[in-house]
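Protein chains in written order, with the working numbering: chain A, 1 to 103; chain B, 1 to 216.
Please note: incorrect hints may appear among the correct ones.
Once the Cα atoms are required to be at most 27 Å apart in a straight line, the calculated DSSO-like pairs of lysine-lysine come out as [as the list claims (entries may be wrong)]:
| id | chain 1 | residue 1 | chain 2 | residue 2 |
| --- | --- | --- | --- | --- |
| 1 | B | Lys143 | A | Lys91 |
| 2 | B | Lys189 | A | Lys67 |
| 3 | A | Lys52 | A | Lys67 |
| 4 | B | Lys17 | A | Lys95 |
| 5 | B | Lys109 | A | Lys95 |
| 6 | B | Lys135 | B | Lys60 |
| 7 | B | Lys96 | A | Lys95 |
| 8 | A | Lys58 | B | Lys60 |
| 9 | B | Lys189 | B | Lys19 |
| 10 | B | Lys17 | A | Lys91 |
| 11 | A | Lys95 | B | Lys163 |
| 12 | A | Lys95 | B | Lys111 |
| 13 | B | Lys135 | A | Lys67 |
| 14 | A | Lys67 | B | Lys109 |
| 15 | A | Lys91 | B | Lys60 |
| 16 | B | Lys135 | A | Lys52 |
| 17 | B | Lys189 | B | Lys163 |
| 18 | B | Lys31 | B | Lys163 |
| 19 | A | Lys3 | B | Lys33 |
| 20 | A | Lys52 | B | Lys60 |
| 21 | B | Lys96 | A | Lys91 |
| 22 | B | Lys143 | A | Lys3 |
| 23 | A | Lys10 | B | Lys135 |
| 24 | B | Lys96 | B | Lys31 |
| 25 | B | Lys96 | B | Lys111 |
| 26 | A | Lys52 | B | Lys28 |
| 27 | A | Lys3 | A | Lys52 |
| 28 | B | Lys17 | A | Lys3 |
| 29 | B | Lys31 | A | Lys58 |
| 30 | B | Lys60 | A | Lys10 |
| 31 | A | Lys10 | A | Lys34 |
| 32 | A | Lys34 | A | Lys58 |
Partial list, derived from the structure: chain B residues whose beta carbon lies under 10 Å from chain A [what the hints assert, rightly or not]:
| id | residue |
| --- | --- |
| 33 | Lys33 |
| 34 | Glu36 |
| 35 | Phe123 |
| 36 | Ala136 |
| 37 | Ser138 |
| 38 | Arg165 |
| 39 | Arg167 |
Honestly, the hints are just simulated from the structure, not real lab data. Predicted model, so just to flag it, every value in this text is computed and none were measured. Even for Gly, the Cβ is constructed at its ideal location relative to N, Cα and C.
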Amino acid sequence: MYKIAAMGDKDSIYGFASLGISIFPTDDPAQGIKTLRRLAEAEYAVIYITEKLTSEMKDEIARYDAKPLPAIIPVPGIRGNTGIGLDNVSKFVEKAVGSDILS
Amino acid sequence: MAVMNVNPTRMELTNLKRKLVTARRGHKLLKDKRDELMRRFLDMVRENKALRVEVEEGIKEANIAMSVARCVMSDGALDVALMLPTQEMQLEVSEKNVMSVLIPEFDVKFKTANENDIYSYGFADTSGDLDTAVKALSDIMPKMIRLAEIEKSCSLMADEIEKTRRRVNALEHVMIPQYEETIKYITMKLDENERSTTTRLMKVKDMMLAQAHNYN
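The shape of chain B in the complex, shown without the other chains:
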């Protein structure tokens, strides 16, 4: 690993040592964050997968009934039946902070008091299959809302895990080794300077002694 381009001085050494401590602590924290995110993500994504299978199955059933209804009823009659829904669904959205990832939480509110108020048409002119379709969709709806919530959360968390993992790796494999290497380089350089000063002094002393006593 490359040594950083710094002056080999004592001040630089102290600075680097401090940075190394910070980097190590940051690395440990980020690693913990990654592990915890991963644990929650895996739980969530399993639920996501199961929910998706269920929801897709439910929608398929609703679609089958809907296709039959379309065949039995005329386009116009179907339009009229579904034109003015009696029910209106509204969402209350709150945000939850999971390891600094903001994930949405949905809470469903219905406009009319009776949640089963989903048939916006008279039963005289419509096919029973339409009722089946609407009922099937209505049954699967709570799961669809939960799916939306959990799928969005999974997507956000996957992003965050990817980012955190990159940071952890950058610290672990680039920053920390670089600091360590540079600290080692500066220490060596300073030691070397010290040794060269000592030898120089010894040499000067020899020369001075030689001069004073008129050796050789």
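Just chain A, same shape as in the assembly:
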């Protein structure tokens, strides 16, 4: 049985706790990287990370790109949407097709 985690600043992810998602509040990228490593080794299949934190620890997240688990998904935080999520989708298309044909 796998679990779901959410990482990011406390305000953005607090609501997830009530749904039964484990929350790991952190603002600091260094701390975030440590937590992410721990979560990836533990039984977490999906890790939602706020966009702000995602942009600060891109390299660490890229390490999990080739593995089937965990799925690391950027979600918008309380300070609004930075568009990283949709950019990522465009990047997939660009990688596979050669240019972003969906935009």
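Given the structure of chain A, go ahead and fit chain B onto it with the hints provided.
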């Protein structure tokens, strides 16, 4: 295209011809794999994009309600309200093989029987906006799980498509022309050897005839 560094012998020629056949078949198979992956990827990535827009919209709504709740309630009260969740979500993960790419599939299991068991607090001391926030998040949750599944799949498939495309191109533009060129080179060389043997024999015959009949 450069000719490979091989000895122009008949054995080498047979070997190369066999390799060329294998390369052609591999190329065809990989091309089919790439096309099929691409077809599925495009379907998936369209869904991914639509889902992402929906999920981001849903989270935005939840965040708005949450901000209001934070303003109305004290930090302590909010902490207490959300400290001990009654619901726990667990995932059953299975893997699906799409054209040799392993993509995850998630199946959600809730700890308590009632999926709507999301309010972990009494309603007396909390603001109604907190309920709205929690409800909005809970509504968007199935889509978020699906988003996680599909976004991971898209990322894995994009990687695989890139790799396959490189292989197809390498076979098509490097390996196959190289083999063809080398086969042509060996064939020419062998033909040339044969012709030179024939002319040599003719010359020897001439010389022998000349000697036997005491020409000139």
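Hint by hint, here is what the structure shows:
Straight-line distance between C-alpha atoms of Lys143 of chain B and Lys91 of chain A comes to about 21 Å, which keeps the hinted pair within the 27 Å bound. With a CA separation close to 51 Å, the supplied pair Lys189 of chain B and Lys67 of chain A exceeds the 27 Å bound. Straight-line distance between C-alpha atoms of Lys52 of chain A and Lys67 of chain A comes to about 23 Å, which keeps the hinted pair within the 27 Å bound. Taking the CA atoms of Lys17 of chain B and Lys95 of chain A, the gap is about 35 Å. The hint is violated against a cut of 27 Å.
Under the criterion of a C-alpha separation no larger than 27 Å, the hint pairing Lys109 of chain B with Lys95 of chain A is inconsistent with the structure, at around 34 Å. Restraint check: the Cα-Cα separation between Lys135 of chain B and Lys60 of chain B comes to about 13 Å, which is no more than 27 Å; the hinted pair holds. In summary, the hint linking Lys96 of chain B to Lys95 of chain A is supported, as the alpha carbons are separated by about 22 Å, within the 27 Å threshold. For a cut-off of 27 Å, the pair hint linking Lys58 of chain A to Lys60 of chain B stands: about 23 Å separates their Cα positions.
Between Lys189 of chain B and Lys19 of chain B the CA atoms are separated by roughly 20 Å; this keeps the pair inside 27 Å, and the hint holds. Taking the CA atoms of Lys17 of chain B and Lys91 of chain A, the gap is near 41 Å; set against the 27 Å cutoff, the hint is violated. Taken as a hint, the Lys95 of chain A and Lys163 of chain B pair is honoured in the structure, with Cα atoms around 10 Å apart against an allowance of 27 Å. For the hint linking Lys95 of chain A to Lys111 of chain B, the alpha-carbon distance of about 39 Å lies beyond 27 Å, and the restraint is violated.
Straight-line distance between C-alpha atoms of Lys135 of chain B and Lys67 of chain A comes to about 33 Å, which puts the hinted pair past the 27 Å bound. Annotation: proposed proximity of Lys67 of chain A to Lys109 of chain B holds, straight-line Cα distance about 23 Å (limit 27 Å). For the hint pairing Lys91 of chain A with Lys60 of chain B, the CA-to-CA distance comes to about 23 Å; that is within 27 Å, so the pair holds. Of the supplied pair hints, the one linking Lys135 of chain B and Lys52 of chain A holds, its CA atoms being roughly 24 Å apart against a limit of 27 Å.
Restraint check for Lys189 of chain B and Lys163 of chain B: not satisfied, since their Cα atoms lie roughly 37 Å apart, outside the 27 Å limit. Of the pairs offered as hints, the one joining Lys31 of chain B and Lys163 of chain B holds, with about 12 Å between alpha carbons and a cut-off of 27 Å not exceeded. Using a Cα cut-off of 27 Å, the hinted pair Lys3 of chain A and Lys33 of chain B is violated, with the two alpha carbons roughly 33 Å apart. Restraint check for Lys52 of chain A and Lys60 of chain B: satisfied, since their Cα atoms lie roughly 15 Å apart, inside the 27 Å limit.
A distance of roughly 23 Å separates the Cα atoms of Lys96 of chain B and Lys91 of chain A; the hinted pair therefore holds under the 27 Å criterion. With a CA separation close to 16 Å, the supplied pair Lys143 of chain B and Lys3 of chain A stays within the 27 Å bound. Taking the CA atoms of Lys10 of chain A and Lys135 of chain B, the gap is near 19 Å; set against the 27 Å cutoff, the hint holds. Among the hinted pairs, Lys96 of chain B with Lys31 of chain B is consistent with the structure: their alpha-carbon atoms are about 22 Å apart, no more than 27 Å.
For the given pair, Lys96 of chain B sits about 25 Å from Lys111 of chain B by alpha-carbon distance, which is consistent with the 27 Å threshold. Proximity of Lys52 of chain A to Lys28 of chain B is assessed by CA-CA distance (about 44 Å); at most 27 Å being required, the pair is judged violated. Under the criterion of a C-alpha separation no larger than 27 Å, the hint pairing Lys3 of chain A with Lys52 of chain A is consistent with the structure, at around 23 Å. Taking the CA atoms of Lys17 of chain B and Lys3 of chain A, the gap is near 54 Å; set against the 27 Å cutoff, the hint is violated.
Distance check on the hinted pair: Lys31 of chain B and Lys58 of chain A sit about 33 Å apart at the alpha-carbon level, beyond 27 Å; violated. Distance hint between Lys60 of chain B and Lys10 of chain A is fulfilled; the C-alpha atoms sit about 16 Å from each other, no more than 27 Å. For the hint linking Lys10 of chain A to Lys34 of chain A, the alpha-carbon distance of about 17 Å falls within 27 Å, and the restraint holds. A hinted pair counts as satisfied when its Cα atoms are at most 27 Å apart, and Lys34 of chain A with Lys58 of chain A qualifies at roughly 14 Å.
For Lys33 of chain B, the interface hint is violated, the least distance from its beta-carbon to any beta-carbon of chain A being 13 Å, above 10 Å. With a cut of 10 Å, the hint placing Glu36 of chain B at the interface with chain A is violated, because the nearest CB-to-CB distance is about 13 Å. Hint status for Phe123 of chain B relative to chain A: violated, with the closest Cβ pair at about 13 Å, above 10 Å. Residue-level restraint check for Ala136 of chain B holds (minimum Cβ-Cβ distance to chain A is 8 Å; threshold 10 Å).
Given hint, Ser138 of chain B at the interface with chain A, holds; its Cβ is 6 Å from that chain's nearest Cβ, closer than 10 Å. At a threshold of 10 Å, the smallest CB-CB gap from Arg165 of chain B to chain A is about 8 Å, leaving the interface hint in force. For the restraint placing Arg167 of chain B at the interface with chain A, the shortest Cβ-Cβ distance is roughly 14 Å, beyond the 10 Å limit, so the hint is violated.
Checked against the numbered hints given earlier, the structure breaks hints 2, 4, 5, 10, 12, 13, 17, 19, 26, 28, 29, 33, 34, 35 and 39 and satisfies all the rest.
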